[in-house]
Amino acid sequence: MASSLPSVAVNGTLKLDSDFRKQPSSFLPTDKSSNVSYQRSYVATHLDGTSEPKSLDFREALSMMKENSTVESTYYVSLLQECIDKNSAAEAQMVHAHIIKTGSHGDLFVSTFLVNVYVKCGTMENARKVFDNLPSRNVVAWTTLMTGYVHNLKPELAIQVFLEMLKAGTYPTNYTLGIALNACTSLHSIKVGEQIHAYIIKYRIDFDTSIGNSLCTLYAKCRDLESSVKAFMKIREKNVISWTGIISACGDNGEAARGLQFFSEMLSEDVEPNEFTLTSVLSLCCVMLTLGVGTQVHSLSIKLGYESILPIKNSIMYLYLKCGQVKEAQTLFEGMETVSLITWNAMIAGYAQMMDLEGNDLSAYQSGNEALNIFSKLNRSDMKPDLFTFSSILTVCSSLVALEQGEQIHAQTIKTGFLSDVVVGTALINMYNKCGSIEKASKAFLEMSTRTLISWTSMITGLAQHGKTQQALQLFEDMRFAGVRPNQITFVGVLSACSHAGMVDEALSYFEMMQKEYKIKPVMDHFACLIDMFVRLGRLDEAFNFIEKMDIEPSEFIWSILIAGCRSHGNLELGFYAAEQLLKLKPKDIETYVLLLNMYLSAGRWKDVSRVKKLMKEEKLGKLKDWSWISIKGKVYSFKPNDKSHPQNVDIYKSLENLIDEAKSLGYESLETLMVTDEDEEKTSSSSSAHYHSEKLAVAFGLLNTPSAAPIRVMKNVIMCRDCHNFVKIISLLTDREITIRDSKRLHKIVNGRCSCGDFGGLL
DNA sequence: CTAGGGTTAG
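Residue numbers (UniProt numbering): 1 to 764.
No lab work stands behind these hints, which were simulated from the structure alone.
Hints are not guaranteed to be accurate.
[To be verified] Pairs of lysine-lysine, DSBU-like flavour, derived with a Cα cap of 35 Å:
1) Lys-654 to Lys-635
2) Lys-440 to Lys-635
3) Lys-584 to Lys-613
4) Lys-230 to Lys-167
5) Lys-625 to Lys-745
6) Lys-101 to Lys-202
7) Lys-221 to Lys-86
8) Lys-664 to Lys-633
9) Lys-584 to Lys-614
10) Lys-549 to Lys-588
11) Lys-620 to Lys-664
12) Lys-614 to Lys-521
13) Lys-86 to Lys-129
Modelling step: build the complete structure from the supplied sequences, incorporating the hints.
Structural data, given as structure tokens:
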């Protein structure tokens, strides 16, 4: 994200005044116009107990002063401190006016403190005005102004002020340098930061706590954890901020476990954590999903008296939610009498991420619905969603294939202006892609004013999934031309595009480019794309050779692709061999077993069928739950196989039977596919009539309840079976509808009897 | 004058 940097920072050179460079090497150089004397007097008035101006009522005090025009400057400071506490710039201005009237603005002590007051109240224009009119400026005044700019999101101005200060011949203190480093952190300017660091090293002050803390944060935010740890180690007297800093540094750089180690080290050094430490540690627990440690930290926060602090409550609630303790999280949420926007966002994000962990299970659908519920409650509350809310809720819509809600939220992001945020924009692209609306995704992508690596990757992957190979590859070239460096995930998109179109030469050359030009090590997903490609082309031996040549142990997904291919292309011998290899891995994915069962079943290998069933029991994987859901007019309906629980039950089955009859007249033959669900068992025992997988019911329901030309979008939790895939293709012809089904592995956008998956790939 | 806990791609 490009923010406008001051000219000094853009080219990365920080001109330190030559005089300044010659300054004494002693730590904390003394400044002639230093504040030492008045700071002492300020402290003294508060300590000697003879005057307690703080206890006076604000207005009372002000009117008292009106009668008596000779006012002790310390009274002003106390009044102004109250303005800070109340965050009231208006009241500060009242006091300021009085100060001018009595001529006290000539008092350096008072007017420097005024800068601080305006900074704290967030009115930087006033702070700057007072600063510019100061009779003389000491290092505290400079530093205060810099702090103001950092806190009010103008870090480039903070650096500018820092440079002005150096030019004016004022020497920075450890605090000043710390603030300057914080400004670099906000600017993500490692170059300027390193120059300040060089100065710090030169004067051997890197042991200082404030400086070390700021350096630690700077390097952490610039993704250089090792330098961050080094800076932390140099700190002679590590305080709670130092420890909190290094713990969050680890968290920010994907090393949560290391962060927890620092936390236990901190405790063994008898440094007491505060609320900031605890929230940092709780967020580590969130990443690692370690409820055990999280619960201990929860107890610790109660023990230390931080349980009622809102950020702590938010973190604990979020942790419970992410660890699947939905009840606890909901109870906490409902029991909070004051909440912040972060509270709402944590709940929505928590449910959104639970969906990820739950894959495409029914509970994922329930989590998604719960997230949508909370989102609509938020909209009815007195708070307004922000970019975090929109990013999360759009992800929920993606996972639910809830296009209508997604479109409404899209409109809301335009109205509120949050669409201009690149993360929201990227989430929107992903939503349209996942909902099968590639045109709207492209439009959103083109309308973005800035794009990140993730935006490009998301769009490339979307095009690939929709079978738009040429466009995906073109976009990849555009991305490289725009100077954006692709990563591992980008290449998954590129390779899957090639795989879709059976472009072997191109795929292999991109595979080589990835390793040679971009030094990216291939991972399982890359191999899966290539093997999928050979399998689609029926080049099963090449696929098998490729598997054997891999320098990593093939995953069960890899073998499953080959086995599915062997079934489709009738190479049973290789299929049986691959199945043996697969079974050696003791697969954990229930769909893998179902694939094997179907293969053995269709080949009449009953012994193998019972062998696989026995293995499934041993692995305690339970039964496959087949679910589909469809979102209509903002409501999500779910179906299980042979579901009879819907009010329109009779109509659904009647129209489905009619459709099957019509499809048969066009040559559709129903295939027996085993899902190994509870319903299958029932079927074999009671031999009831027809047997329908969940997506058939969801599609029939969709056809009944939408206008005649409207597209149908269905989400399914397991891989579609061949029979349903064939059936839906014919239905799309019969009804002239666009039908999108997203299963656990692929997107199937079916138009005019053709599917975007290329009619191949891991079908059961 | 020290510092946050919520977001996007496979």
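Verification of the hints:
1. Between Lys-654 and Lys-635, the direct Cα distance comes to roughly 23 Å. Compliance with the 35 Å bound is thereby established for this hinted pair.
2. Of the supplied pair hints, the one linking Lys-440 and Lys-635 holds, its CA atoms being roughly 22 Å apart against a limit of 35 Å.
3. Between the alpha carbons of Lys-584 and Lys-613 the distance comes to roughly 15 Å, so the proposed pair stays at or under 35 Å and holds.
4. For the hint linking Lys-230 to Lys-167, the alpha-carbon distance of about 31 Å falls within 35 Å, and the restraint holds.
5. At roughly 16 Å between alpha-carbon atoms, Lys-625 and Lys-745 fall within 35 Å of each other, so this suggested pair holds.
6. Simply put, Lys-101 and Lys-202 have alpha-carbon atoms about 47 Å apart, too far for the 35 Å limit, and the pair is violated.
7. A hinted pair counts as satisfied when its Cα atoms are at most 35 Å apart, and Lys-221 with Lys-86 qualifies at roughly 32 Å.
8. Among the hinted pairs, Lys-664 with Lys-633 is consistent with the structure: their alpha-carbon atoms are about 32 Å apart, no more than 35 Å.
9. For the proposed pair Lys-584 and Lys-614, the alpha carbon gap of about 14 Å is at most 35 Å, so the pair holds.
10. Between Lys-549 and Lys-588 the CA atoms are separated by roughly 24 Å; this keeps the pair inside 35 Å, and the hint holds.
11. Using a Cα cut-off of 35 Å, the hinted pair Lys-620 and Lys-664 is violated, with the two alpha carbons roughly 39 Å apart.
12. Distance hint between Lys-614 and Lys-521 is unfulfilled; the C-alpha atoms sit about 38 Å from each other, more than 35 Å.
13. Proposed proximity of Lys-86 and Lys-129 is supported: the alpha carbons are some 22 Å apart, at most 35 Å.
In summary, the numbered hints that this structure violates are 6, 11 and 12.
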